[in-house]
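Protein chains in written order, with the working numbering: chain F, -9 to 240; chain C, 808 to 1101.
Take every hint as true, because none was put in to throw you off.
Only part of the chain C face toward chain F is listed, based on derived beta-carbon distances under 7 Å: (1) Cys958; (2) Ala962; (3) Val967; (4) Glu973; (5) Asp974; (6) Leu981; (7) Asn984.
No lab work stands behind these hints: they were computed from the structure. Note that the Cβ used here is the ideal one computed from N, Cα and C, for glycine as well.
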Amino acid sequence: MTAILEINNLSKSFDGVKALDGVSFAIEEKGIVSLIGPNGAGKTTLFNIICGFLNTNDGNVDFMGSKLNGLAAHRIARLGLGRTFQDLRLIRKMTVMENVLLAFQHQYGEGVIGALAGWKSGRQEKQNRRRALELLEFVGLADKANNLGDELSYGQQKLLTIACCLALDARLLLLDEPVAGIAPEMVEKMLGLLLRLREEGKTICLIEHNLEAVKAVSDRIIVLDEGRKIAEGRPEAVMQDAAVLEAYLS
Amino acid sequence: MDYLLHILILIGIYTILSVSLNLISGYTGLLSVAQAALYGVGAYIAALLALHFHLPFLVGLVCAALGAAVISVIIAAPSLRVHDDYFVLATFAFQVIAFGVMNNWVNFTGGPMGLPGIPQPVIFGITISTHWQFLFLAAILAALAVLLVRCLVRAPFGRVLRAIREDEVFAQSLGKNVIKYKLLVFVIGGALAAVAGALYAHYISFIDPTSFTVQESIFILAIVIVGGSGSIAGSIVGAVALVALPEALRFIGLPSSIAANVRQILYGGALVACMMFRPQGILGEFSFRKLSRS
Chain F
-9 MTAILEINNL
1 SKSFDGVKAL
11 DGVSFAIEEK
21 GIVSLIGPNG
31 AGKTTLFNII
41 CGFLNTNDGN
51 VDFMGSKLNG
61 LAAHRIARLG
71 LGRTFQDLRL
81 IRKMTVMENV
91 LLAFQHQYGE
101 GVIGALAGWK
111 SGRQEKQNRR
121 RALELLEFVG
131 LADKANNLGD
141 ELSYGQQKLL
151 TIACCLALDA
161 RLLLLDEPVA
171 GIAPEMVEKM
181 LGLLLRLREE
191 GKTICLIEHN
201 LEAVKAVSDR
211 IIVLDEGRKI
221 AEGRPEAVMQ
231 DAAVLEAYLS
Chain C
808 MDYLLHILIL
818 IGIYTILSVS
828 LNLISGYTGL
838 LSVAQAALYG
848 VGAYIAALLA
858 LHFHLPFLVG
868 LVCAALGAAV
878 ISVIIAAPSL
888 RVHDDYFVLA
898 TFAFQVIAFG
908 VMNNWVNFTG
918 GPMGLPGIPQ
928 PVIFGITIST
938 HWQFLFLAAI
948 LAALAVLLVR
958 CLVRAPFGRV
968 LRAIREDEVF
978 AQSLGKNVIK
988 YKLLVFVIGG
998 ALAAVAGALY
1008 AHYISFIDPT
1018 SFTVQESIFI
1028 LAIVIVGGSG
1038 SIAGSIVGAV
1048 ALVALPEALR
1058 FIGLPSSIAA
1068 NVRQILYGGA
1078 LVACMMFRPQ
1088 GILGEFSFRK
1098 LSRS
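Isolated chain C, as found in the complex:
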């Protein structure tokens, strides 16, 4: 039972991550591979505040979101000066830098050893310790994240994002401040990823840089693309598909030593198959294939 709850909690965390990236990449068309960096920033800020200052979970959560918002601006501002493929490369560079900082700033982040012993979250006097409680917390945070992004994309705000995605010159000619919108979605998406990070840190109670690598960014991107870019429901479906289905590997007798690698092969295979046969994903409306025209 605990195992099933664990999977559901992970689905919750990845739902937050995938809607956060969907806002940036699916709706606005900014293909970013730096989302794991922001996920990690959130995890580390929350962990450090809890470990050193014993701040309550919600305070740590807000600080994590704010910290990631700042880092998002640092990543986005220079990256947005270039377009399309170069933009993706710029986000890739920042992702690698972020990992480098997490891995090498040993005094602050613990380096490769990571941060163990992250305390359980305390919310309004209640300590979250069981799987059921964590699932409840994850479900609430995921629901709030989904609601936030859904409100944004269904409003005229979302219409501007889609216009930027399809033809930003046209959007400018209609008076839309395109740069401002791009920065905004990065900040909001980054803050949401940080929320997922804080949740993850307190749930696993141990974090290290290997959870926040470029492969993780690509995994989150795979969820967005396979589930459906530009579709909130797609983000949820994608999270379920890519988190839960590979777990089925355990039940078909694969030795655990290669299970992780087979999982990587599955993700890569799903992404390639998706791009070849159904680029808009299971439920999506936007296909990244178009990104090659400028």
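Just chain F, same shape as in the assembly:
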């Protein structure tokens, strides 16, 4: 299986503090990889660099054969890299349906000409609505389509952000703490969704602190501590790795 994402020797410093120090790994297509590590290990920083919200000081990122270094965040998203945010970003004042519609690519109506010459855009909008409804059914939010983002529970909002990644046509989803702060039934629902996404051929990399959840869905685990990769491999092996246990206990 080919690597969909390759990180080579990535380093990042903030005012002399090394947030990431020579991190390298590859993510195979169609699998679920979990990125774990104590707070401050550099996991979200890594996501921000991959997605183009931060520049790297050294090293490079390869996504499906394209170099991501220096590309603007929106370009990277268009290449098929979706992400969710630790602080749960979405548009609370728009409806669930509008949030998903926002994510579709190549919308005629998003250009000035397309907006003014409405009819082509109108047809595409109808198609997108149908597709959006399918995606919302897939994640289990179809009945909330006309509710404002504000009106959803925290867990439902997280499902919505994943639906947006799917509308974006993301091949690789970077999920930052998808099950943090949500009720246990919702955790089950979310993990089930991730497994179904893997079956659909998506690749998922998630940052998580919930080690039970991590064990339940991951094919592989990568462990970061203080900006360095300290372990990588199958969940059973990694969870018993001495270095990993020390990082978490100390």
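Given chain F, put chain C in place with the hints provided.
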């Protein structure tokens, strides 16, 4: 009767100005106090072309819009490098610079003396000279401006703008080129303001820098905010409210020497009251109070 028509014409001009700024500030969340600069650029370009080259009104209108589009990019490109409060300050700086140019480039703009004798517009052979004709012209231009902005904001284009306003990082993560959209709304908004400027120049037949100061920018912003940010109908309601209602001052016996100043107090008071009690304006959906979070 002429007086009433005059008020209606002004409402038409300010409707164009307020929808143009609403596109930038109300829908996209970019609080700009430079709109009067673009209004002035449009007025001066149209006036100068009419005075020196006797170009027909519609040609002057297009040139004014194009000129303002260029100036909009000049204002927006550096200003967009900073956010929120600093962005507002950057637009403020450009507004002040623009006034300085209008006021000091005497050979070109006539400086404080302004440009008198701007000819009446001629459209397809018809000279617009009476108040009724000007009202008709103003109404058509205002309707077109409203229609243009309405089409944009009701399309997926408008959805991207609202997303940028609420969370531009999220919009970027969904593949939206945020900078491009911000520049686009500035250009479109600036071009529309220039149309209002051209109309104003030909209607009053005399322009000077004092019509295009930062106070004017704030007045236009007040219309947008009080009428309702992010609402087209709000822009129209706001224009009517802030243009027509103060005229009622004349009828309650205020001496004309202080009427203008009382009007300024009214605008300021309306803006403050609005921000305190109803920040989304009469019909709006977006409240600028949120701008303090980044």
